[in-house]
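Peer 1: Mind docking chain B on chain A? Use the hints.
Listed below are the residues making up each chain.
There are 2 protein chains.
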Amino acid sequence: MTLFLRSTEPDFQQRFDALVQGRRDQPHDVQDAVRSMIAAVRERGDAALIEFTERFDHMNLAETGLAIAPEELEAAWNGLAPDLKAALQTAYERIEKHHRRQIPADDRYADAIGAELGHRWTPLDSVGLYVPGGKASYPSSVLMNAVPAKVAGVPRLVMVVPTPKGEVNPAVLAAAHLAGIREVYRIGGAQAVAALAYGTETIKPVVKIVGPGNAWVAEAKRQVFGVVGIDMIAGPSEVVAVADAKADPVWLAADLLAQAEHDEAAQSILITDSPALAEATAKAVDAQLAVMPRGVIAAKSWADHGAVLLVSDLAKEAPALVNALAPEHLELACDEAEAMLPAIRNAGAIFIGHFTPEAVGDYVGGSNHVLPTSRAARFSSGLGVLDYMKRTSLLKLSRESLALLAAPTMTLAEAEGLFGHRQSVAVRTNGSD
Amino acid sequence: MTLFLRSTEPDFQQRFDALVQGRRDQPHDVQDAVRSMIAAVRERGDAALIEFTERFDHMNLAETGLAIAPEELEAAWNGLAPDLKAALQTAYERIEKHHRRQIPADDRYADAIGAELGHRWTPLDSVGLYVPGGKASYPSSVLMNAVPAKVAGVPRLVMVVPTPKGEVNPAVLAAAHLAGIREVYRIGGAQAVAALAYGTETIKPVVKIVGPGNAWVAEAKRQVFGVVGIDMIAGPSEVVAVADAKADPVWLAADLLAQAEHDEAAQSILITDSPALAEATAKAVDAQLAVMPRGVIAAKSWADHGAVLLVSDLAKEAPALVNALAPEHLELACDEAEAMLPAIRNAGAIFIGHFTPEAVGDYVGGSNHVLPTSRAARFSSGLGVLDYMKRTSLLKLSRESLALLAAPTMTLAEAEGLFGHRQSVAVRTNGSD
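Top to bottom, those sequences are chains A and B.
Those letters in the first sequence? Residues 1 to 433, per my numbering, in order.
Those letters in the second sequence? Residues 1 to 433, per my numbering, in order.
Quick caveat, the hints were computed from the structure, so don't treat them as lab data.
Each residue gets a CB set at the ideal place from its N, CA and C atoms; glycine is no exception.
Residues from chain B shown here face chain A by an in silico Cβ test under 7 Å; the list is partial:
1. V207
2. E261
3. G353
4. P357
5. S398
6. L405
One-sided and incomplete, this derived list gives chain A residues near chain B with beta-carbon spacing under 7 Å:
7. S367
8. S381
9. T411
Have a look at the derived ranges for each label pair, beta carbon to beta carbon:
10. B:A215 x A:E71: 48 to 58 Å
11. B:L341 x A:R399: 13 to 23 Å
12. A:S36 x B:G226: 17 to 27 Å
13. A:A320 x B:R182: 16 to 26 Å
14. B:E54 x A:K165: 55 to 65 Å
15. B:D313 x A:I103: 29 to 39 Å
16. B:E96 x A:G134: 44 to 54 Å
17. B:D313 x A:A110: 29 to 39 Å
18. B:G226 x A:P342: 20 to 30 Å
With the rest of the complex left out, here is chain A (with noise of 0.2 Å):
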C-alpha cells in the first residue's frame, strides 16, 4: 500500500516531480451559481439570505432571526466541559501570548537631506470570519482567525457559521464567547461571504473576509475579492517528515496519519536516509490504520497522495525536496534538525526534534494552524497579525528637502512624459515655472 521512492533510482526526479505537480483538490465548477448568489443577496438583502438558508440549510431564518445573541454564546461557554474549558483557555492565552510579539512597529525618521519618512501600522475597521457548519467546524479554528485580530486591534469582528437543521457545535460558539466575539449570524455559503462583503439590513459590510469553508465559500471569496480582503484559499492539508534513523516509527506513523485522517485529500510524505525506519514506519501506519476511528478517510488519503522518499544523505538531499515540496507542515524528526534548518526556504511552520508532535501546534502551541498549502508556502506565510492590519506610508518634506529633491523629480516625470507631475513640483520650487 505504501510509495517508496528511492533517490537513488533513475527515475526519481520523474517519479518526485508528479508528487510534487499532482493536483489533489477537485476542481469544483461554480462560478455560475455563485455569482447569482451573490447578486441576488446584493439585490434583496435580508430577503435573499433567508430564501437560501431555508433551501441548503432546511432553516428558517424569519423565525429565529439573523443573529446568534451573546447570551447564546456564553450559555455555551458555561455549558462545555471543565476540561474541554480548560483546553480552551490554555489554547487562548497561548495562541494570545504568540501572536503579541508580531504587532508591528511604526517608524519615522528624518534622512540625510532633512525629508522625513516613515509608516504607520493600523488595524482593520472590520473582519468577518467564515466558519463552517457541521463535523468540519472546529473550535480551534475560532480561536486561531479571531485571536490575531484582536491582538492587532481590529474593533469589529463578525462571524458567520451555518446551522443545518438548527444544529450548532456549541463548543464554536463557545470559543466564539472566549475570543471575544459578539456579533454572530447563523448564515453560510456563498450567502454569507456576500453578506459580508456587501452588507444586508442587518449584516453591516466587513472589509476583510477570513476563514475556511467548502467550494462554494472559497469561490464565493474570490468572486469578492476587491471589494473586501480576504485570506489565503485553503487546499487540502499537508505534512512532510524527516527523520533519522533514531525516529520512532509508531510516532511518526501516528503523525503522518494525523495529517491523513482530516481528508482524503491530504498528503503526508516521509523522507528518510533508513530504510529500517521506512519499512517499520509503513508497517506502523498499517497497524494504526487498522484501529483508528478516521481509518477510511485516513487509508484512501495514504493510498492515494501518501509517500516515502528514501534518500542516500538526509542532509544534503531533504531540505531540496522539502524546499520543492514546500509542505503546509514539515516535522525535523531528527537529530541534525537545528543544522538543518537555515538550508530550509520553503515551509508554512516547522516542527522541530522528535518531541513535538505537529498537533499540538493545531491547538496549543501558540503559532497559527492557518498556513498555507498547495506549495503556497513558496510565496506566502500563515495567518498572523500583519494580516489584520494596513501599513500607511508616510512623507513630509519641508521648503528645504523639497528643493534638493525637486531637480531629480522634475526630471523624470519628463521623461515619463507626466509634465503634470513636472509641474506640481515647479509651482512650489519656481514660481510659475
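Peer 2: Below, chain B alone, put in the same frame as chain A:
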C-alpha cells in the same frame, strides 16, 4: 465643470456615497480569451509565445530571440542623458535606503514552560516583474517593483516587457540595469504572465508575479493566482487633498491634475473648509488644464470623477470622509496636518504639509509608489519588502514541555473528533495510549 458638494446640504451623504461607491474602471470581459492563451502557453511553450507575440506585438521572436541580453540593458543605461541617469540613481538610492528599514526581524524564544517558539523570514526564490510596453512603460515602476525584491534578498528577478514592432523604452531597460536585473524577455500580455507562472523551454517559472498591466494582464494574474503569488490588481489612480484656507490654490490644482493626467478614470478630490480656496482651486484647475500637455485626459478625469468637498469643520469632518474614500494618495496640505494624522486610518500613503507634492513620492521620496487603489487601503498596504518574503513559524518542544501541553491538546483533538491527532501526542507521552 467642477463638482462641488457641501457637507451642510441635506443630500450630501447620499452624493458622497455615490462618489465613494462609483466604479471607475471599465469591466473587461476577457476571461475566456485569457484562459485559452494560458492553456496554449502551458501546452506549447515558446512556440505559443512566438505566435502570440507575432499576432499582438507584430514582432518575430524566432528571429530576435526571447531574451534581451544584459549587454543591451547596460548599453541603454550608458546611452541615457546624464541628468536622467543622475535622477534614476537618486531614486534608486533613496528607495533602497528606505526599504532597508522594512527588513523584518526573526524571532526565537523559550516561553514559561520551556516550549521554544519563533518565526523566520526568508526571501522568495524568484519573482517575475511585468512591465507594460508603449506609453505606460515607466522606469520609475521598474525601480519601485525591483528594489524591494533586491532588498528582500530574492536571488532571481525576471522582467518581461512587450516590445510592439520592436519598440522599447530605453529608460526602462536602463532602470532594469540599475536595479540589477539580468534576465529580461521581450514578451507581454497574458502570454507573458502564463510563461512566468508555468515556464516554457526558455523561461523557468517564478513563484510570484508583480507589476502593473492592462485588463488582459490583470485577468491572467487572477487566473494564475494560487499557482504563483501575485501583487494587488491595480485600479485607476487617486488623490485626496485636505487643505485649509492657507493652502495655495495653484499648488493644489497642480496636485489634483498630476493625478488626473494619468488616466481618464483617475480621481482627484479636494476637501476644504474654505469656500474661497475651493473657488480659487477650481479656477486654477481650469487655467492649468488649458495649457497642460495631457490636458484632454486630465480634463475628462476631473469632469467625470473629480470633486470639491466643502465642509464646515476640517479637523472634525475630513478624517471620516478620508477613511470612507480610503484613497491611494492623501495630501494633508494644512497647518494642522500632524494633529489630524491619528484620526486617519485608511490611506495608502500620506503626504504631509504644504511642501510635499505627491509626485515626489512617485519618484524619489524613497517610499513605494505601488499603493492600494479603489478603496483597498481599507484592508491592504503598499508594496514593500514583506511582499517579497514569507514567514515560517517554528515550534520545538522537549519531552517535558510536550508533557505539559499533552492534556489540552488531546482534549481539543477529541472534542473535534480527530483521534489521530490525539494519538500522535498519546504515543509520545503514554506509550501506546
